[in-house]
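4 protein chains.
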Amino acid sequence: MQTLSSTRPATNSSATSELAQRYTEVRQYTEQLCGGLQPEDYVPQPIADVSPPKWHLAHTTWFFETFVLSQHLDDYQPYDERFAFLFNSYYEAAGPRILRTKRGNLTRPSTEEIYRYRKAVDKAMQDLFCRKANDAALTELVTLGLNHEQQHQELLVTDIKYILGHNPLFPNYSEQRLKNLSANTPDRWVSMPAGIYEIGYDGHNFCFDNELGRHRVFLEDYQIRNQVISAGEYLEFMKDGGYEEVSHWLSEGWAYAKTLDQRAPLHWHLKDDQWWQYTPAGLLPLQKDAPVTHVSYYEADAYARWAEARLATEFEWEAAHHQLEWGQVWEWTSSAYGPYPGFSTAPGALGEYNGKWMVNQQTLRGASVATSPGHSRPTYRNFFHPDKRWQYSGIRLARS
Amino acid sequence: MQTLSSTRPATNSSATSELAQRYTEVRQYTEQLCGGLQPEDYVPQPIADVSPPKWHLAHTTWFFETFVLSQHLDDYQPYDERFAFLFNSYYEAAGPRILRTKRGNLTRPSTEEIYRYRKAVDKAMQDLFCRKANDAALTELVTLGLNHEQQHQELLVTDIKYILGHNPLFPNYSEQRLKNLSANTPDRWVSMPAGIYEIGYDGHNFCFDNELGRHRVFLEDYQIRNQVISAGEYLEFMKDGGYEEVSHWLSEGWAYAKTLDQRAPLHWHLKDDQWWQYTPAGLLPLQKDAPVTHVSYYEADAYARWAEARLATEFEWEAAHHQLEWGQVWEWTSSAYGPYPGFSTAPGALGEYNGKWMVNQQTLRGASVATSPGHSRPTYRNFFHPDKRWQYSGIRLARS
Amino acid sequence: MQTLSSTRPATNSSATSELAQRYTEVRQYTEQLCGGLQPEDYVPQPIADVSPPKWHLAHTTWFFETFVLSQHLDDYQPYDERFAFLFNSYYEAAGPRILRTKRGNLTRPSTEEIYRYRKAVDKAMQDLFCRKANDAALTELVTLGLNHEQQHQELLVTDIKYILGHNPLFPNYSEQRLKNLSANTPDRWVSMPAGIYEIGYDGHNFCFDNELGRHRVFLEDYQIRNQVISAGEYLEFMKDGGYEEVSHWLSEGWAYAKTLDQRAPLHWHLKDDQWWQYTPAGLLPLQKDAPVTHVSYYEADAYARWAEARLATEFEWEAAHHQLEWGQVWEWTSSAYGPYPGFSTAPGALGEYNGKWMVNQQTLRGASVATSPGHSRPTYRNFFHPDKRWQYSGIRLARS
Amino acid sequence: MQTLSSTRPATNSSATSELAQRYTEVRQYTEQLCGGLQPEDYVPQPIADVSPPKWHLAHTTWFFETFVLSQHLDDYQPYDERFAFLFNSYYEAAGPRILRTKRGNLTRPSTEEIYRYRKAVDKAMQDLFCRKANDAALTELVTLGLNHEQQHQELLVTDIKYILGHNPLFPNYSEQRLKNLSANTPDRWVSMPAGIYEIGYDGHNFCFDNELGRHRVFLEDYQIRNQVISAGEYLEFMKDGGYEEVSHWLSEGWAYAKTLDQRAPLHWHLKDDQWWQYTPAGLLPLQKDAPVTHVSYYEADAYARWAEARLATEFEWEAAHHQLEWGQVWEWTSSAYGPYPGFSTAPGALGEYNGKWMVNQQTLRGASVATSPGHSRPTYRNFFHPDKRWQYSGIRLARS
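Chains as they are written, first to last, in this note's numbering: chain A, 22 to 421; chain B, 22 to 421; chain C, 22 to 421; chain D, 22 to 421.
No lab work stands behind these hints, which were simulated from the structure alone. Where hints are given, some of them may not hold.
[To be verified] Straight-line C-alpha distance at most 30 angstroms; calculated DSS-like pairs for lysine-lysine:
#, chain 1, residue 1, chain 2, residue 2
1, C, K292, B, K123
2, A, K279, C, K292
3, A, K279, C, K144
4, D, K123, A, K123
5, A, K279, C, K309
6, B, K409, A, K279
7, D, K309, D, K292
8, B, K409, C, K123
[Said to hold, decoys possible] Label pairs and their in silico Cβ distance ranges:
#, chain 1, residue 1, chain 2, residue 2, range
9, B, P207, A, G216, 37 to 43 angstroms
10, C, G116, B, E52, 37 to 43 angstroms
11, B, F106, A, V211, 22 to 28 angstroms
[Stated by the list, open to error] Covered, in the sense of this in silico footprint (three residues per stretch, anywhere, with C-beta under 8 angstroms from a C-beta of chain A), are these stretches of chain D:
#, segment
12, 56–65
13, 167–178
14, 296–302
On a predicted model such as this, the values are computed, not experimentally measured, just so you know. The beta carbon of each residue, even a glycine, is placed where N, CA and C say it ideally should be.
All chains, full assembly: derive it from the sequences and hints.
Here it is, written out as structure tokens:
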């Protein structure tokens, strides 16, 4: 998930002090998420997609330093000039940076030092809030920075899960859990009539630039399930030989399925003929009534074909969202991630936030158990390559 | 381009004899395309995308043998039972096959033998046409087979061009040439009003299954250029440092551009500060007034951003097609290749024709100088991965 | 096998006419080896090690053109100046050349053209022989060129075998066969006493530079088998689980064995529980009394350990060669390929012939059924990387 | 460097208490080497060759647990049964283990836990020493374990140097330094006469199995330099275009040189036209009078050819060792690493220590500034692949 915003934050007279408080809350929440870690857990990058926790702590801080402090304070001295090279993620316009795949080799600066870096930047930010109360441009940038940090909060959760979930000791480090699907709103097809629907953000609060360009789409009649697919349902697909039947799969999905060490969602483990799943609370028996998570787009698509249905488009999802139960998993849609009509990017480095990723990725809608409080909305567009599955990604069915 | 059809061929009383004649014409055209080849040119596979000419000759024949003769003749004996393993392309349901990347190692059967194979199958087909006059199912299958062969005709042209265009001797083997863009219809923006447009095939002749599911889309106001971009215009982009300015590029495109041996379209060569291009007629000076060809999606997209425009969606293209000049190049669209509402695949191996490729590819619209006569229509959906550029692929601009 | 010579050819008054005749014989033999080929067989390069037959025909000709004609004739005009780029193998000092792995893409010049190239160069060579009778330097260079061509003759045999042996049709193209091991000289251990032995070439005829630097080595007592290992003996190793028992294998060999599609020598095939082997005469039942061939060093070494013996050093082999039966297979030795004391290379491109390969390869001694007549001697040092097995490579045991 | 021993430790009545003391010293020295590390430094594995410091701490402990405690104590309970999977290096016979390349992902057990593991095993070892005084087999195994730990001590030094030397902050963590070459023993050629020399270990103390099989070799006359090559001398090679002149290089070396980010020894950095080198004391100006270090075999060999000399064989080195200054760097020899006559391996897992690496590696002789006290002798055979250079590897010249 690589993203960015640009737009219309609400600003009023007490905005800055609210902003200062909001800043503090978000920044503290990041550190809370690392509560269960031991010093070594902050370091590794087992696959290119997964960044070291200490890197997230530093990168989000670098973001405020580079895009807020350096822009708004003429005399700002970076905490350490070398950090720009270490903690820039992908902003070409912000200068050179270490190879993305080498983040896990960076033992220095130490985590302790990075926490000091956070403190120093936080203090400078609070000073700035005092000096520039009611500065709309500042508010906008800070709001973006906080949403950026919230995106990294979700990555922190899933990256830590990946790191510890691939350790043969399967450590228990948090109580976070999936809930079962609601029995009160039993699974059913929601029917949606053909017609023109408006898509995209239309509110007065923050959104990312990729949600803008509100526009009309025409949808033919369709149906969409009000609940997502459960782990138990997915297990039926597996038991029915779903991973072995080529006709369910996209051609690239079939090639992908053959590369899997185990033909099952990520974090699932078969022991003595029983399925277990790794969770932040350690290795637990598979929770069949909870949503299936950690499937790739290829698996979601194959499941849908097996179930004689299909995935929804992101427009179908957004048009029907009032009638859907959502919020434990990101839901793969059949829509490739692209620009809305009239999409434009901000000038400079921040313009790289969302636009440059608009090829070869699929949009996901909803929000997950790992999404930070206050960081979801019906127009939110998450996106990943179709083979990725280290996020809490799940499946919702539709049909024409 | 991997494709297939299923549908509504026109059948009437004289259909079969027309079909027999059409069959002969299409099959002969394939062999005409190989007229300029020497025996060695039939063999190699320099990259995975490019198949040996002799393989195309055999594969298209295998297609008729497997999906027509074996289905319609109970007592049909395959010409050689081992050919199924050698000449199946990607039909999982039709059995095992040699690795796609190893086609260039198959020196036997010889090209001469493959021509005998073609003759034998052609004779069996003509016998079948006599025995089963007016068989609608047969007509449908044969029509599909001929459209399939026409697709391979275009690949023959571009694969041969790739093979000989990467030979340091730059052989001249055909007179085929691009024409200059028309000066009579000067380049301009065509304005299209917002509204509902119908998309997809609605005629009574052949089309592929991916064109079906005619449906409504809503398009906001847009403009689209009536001509495609010329080589001279693309050269301006190059001279302006287009390949070196990151802000024009998608992130994956930027990485792609860095891997190019030469930052220019495929088949372009710089000699003594002048640009040349390899053509079937050998290495010729760059023809600036002709369409630019052999660019990847990444390059097309970067060009559009440099030109302060964007690529059209495939729906915008189809809605405006009456007002466009098209037919020398396939035009990259910004639409990812996916199913129309209600898309469904045929059962069995032929169901693998189009549907299983619907991820990570971009749709191209139009037709090219290499497209076989009678093999284009406004609803035709070609598709390739965004890094491919060995086809005659070009650029048309749009804007909101 | 990459090699070269430099030395002491015998030259006397009638040497040149003898040389002219020898030249003709060797050159013709190369073309005879291609007698069973169809035009397509000349083209492909299925793996980097295997060169296209047409490339061998051209490269050996380029060698004479570059190192003889261009050196000895001031006014020599190359047949085609572009061929140097196409047919130089690895001589950095002789200028740029096409990537080794891309030889299989070169459909032009055609094989027919290459045969014309051979004729033209042969004619120029014969003219040169007339003009420069009794020129010692010329004789030396030509002798080297002929030995070079003989090395490529052996590669032609094994490369063709690889190309056709990996075709599912298993074509029969020649009668060449292995003979059974001699029953008259039953297998036994030959005992060799400790002492100083002289190693390296000491004659008056041609040898390669890597055989020079005749020197003394001290060998401790050892025993060496007078015959090589048969296919039947190797089958015993396989039946005893030799490929599955890690303790027999070098660490890199164990990793190598896991990558094999089939745990057996190259060109062996299991059908209906019987072993077959591909031979120039097609797929035949395994000939158990003939030498095992087409094993890698890793397999030879593992076999020896399983047999509670070891491979011989190249010095042990040379010291005992009078008492050994040799000549159907190249025999892996435990000696890494390196320089003899005082080894030096010729100046210029020809100096690259042998010296630059002296790392990470193992020496093989003997000669094989594919070795050209007159191209073997007891001091001959062949060499390949330990994973290579497309040559007729076999196993001889020794012990201390 | 992967190694092991088997032999003749001196055992007498007070051996065990000496052994217990020796055990304590060696084990403590390992932990001293980690004195300058921060918690994060223990974790990463930036390249496959470099293991995480915490892995070394645990693996050497696992070695004593597996090969000593479990063998000598019937009732021994492993500290944690899961550690065998995590900390086995390459002993196939000792069971499955995590992929070598994934050691850097193992954040748990924590370093703190690993230190507790060390303490627990150390205590069990001391108990064992008390219970089994004067047990020769025990003494032999423990001696091996301590030599094994010393080998990992050297790897600890070089692995830490690699980890911190690739951090853009170039941390200073130790005072260890190279000394300049001695001016009192000026550089000169030592002449050695032809004759038979005895090679291999012949003492009464510990040695590794690969040093055994003392045997005779015959050496022709040769000369060898009494000092190794200095950084300043190597700089001359660089300034003379040594990395750009193909004739100096082995073919594989030339390909290797082209892959280098910087054509200089590892840990060298060019800043403002001056050469610096990373050392445990941080980034310092290049010390020209000290030995050149961190060169690959390819570079050592190319340097020698440039200098119109060659590398010594390991036998030449051993025969002349009394007359050489050695001990700051391991010296590449031209000898491929192989078995001495009569070499045999121990049964079981310990037999994998040295023998299975005897292909594609070069022997290095001497000892380096990172070699542990008491861990060097003239017959010691170190070995690495020719492209490796993260050890303190240097160059000594010879000539015939």
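Right, here's what the structure says about each hint:
With a C-alpha separation of about 23 angstroms, the suggested pair C/K292 and B/K123 falls inside the 30 angstroms cut-off, and the hint holds. Distance restraint check for A/K279 and C/K292: the Cα-Cα separation of roughly 26 angstroms lies within the 30 angstroms cut-off, and the hinted pair is therefore satisfied. Distance restraint check for A/K279 and C/K144: the Cα-Cα separation of roughly 58 angstroms exceeds the 30 angstroms cut-off, and the hinted pair is therefore not satisfied. Of the pairs offered as hints, the one joining D/K123 and A/K123 holds, with about 14 angstroms between alpha carbons and a cut-off of 30 angstroms not exceeded.
Only pairs whose Cα atoms come within 30 angstroms are accepted, and A/K279 paired with C/K309 is rejected, the gap being roughly 38 angstroms. A distance of roughly 25 angstroms separates the Cα atoms of B/K409 and A/K279; the hinted pair therefore holds under the 30 angstroms criterion. For the given pair, D/K309 sits about 16 angstroms from D/K292 by alpha-carbon distance, which is consistent with the 30 angstroms threshold. For the given pair, B/K409 sits about 20 angstroms from C/K123 by alpha-carbon distance, which is consistent with the 30 angstroms threshold.
At about 40 angstroms, the beta-carbon gap between B/P207 and A/G216 stays in the expected band of 37 to 43 angstroms. The beta-carbon spacing between C/G116 and B/E52, approximately 41 angstroms, falls within the hinted interval of 37 to 43 angstroms. A C-beta distance of roughly 48 angstroms is found between B/F106 and A/V211, which places it outside the suggested range of 22 to 28 angstroms. Counting residues of the segment 56–65 of chain D whose CB falls under 8 angstroms from any CB of chain A gives 7; the rule of at least 3 is met.
Given as covered by chain A, the segment 167–178 of chain D fails the check, having 0 residues with a CB less than 8 angstroms from a CB of that chain where 3 are the minimum. For the segment 296–302 of chain D, the stated coverage by chain A is not satisfied: 0 residues place a CB nearer than 8 angstroms to a CB of that chain, which falls below the threshold of 3.
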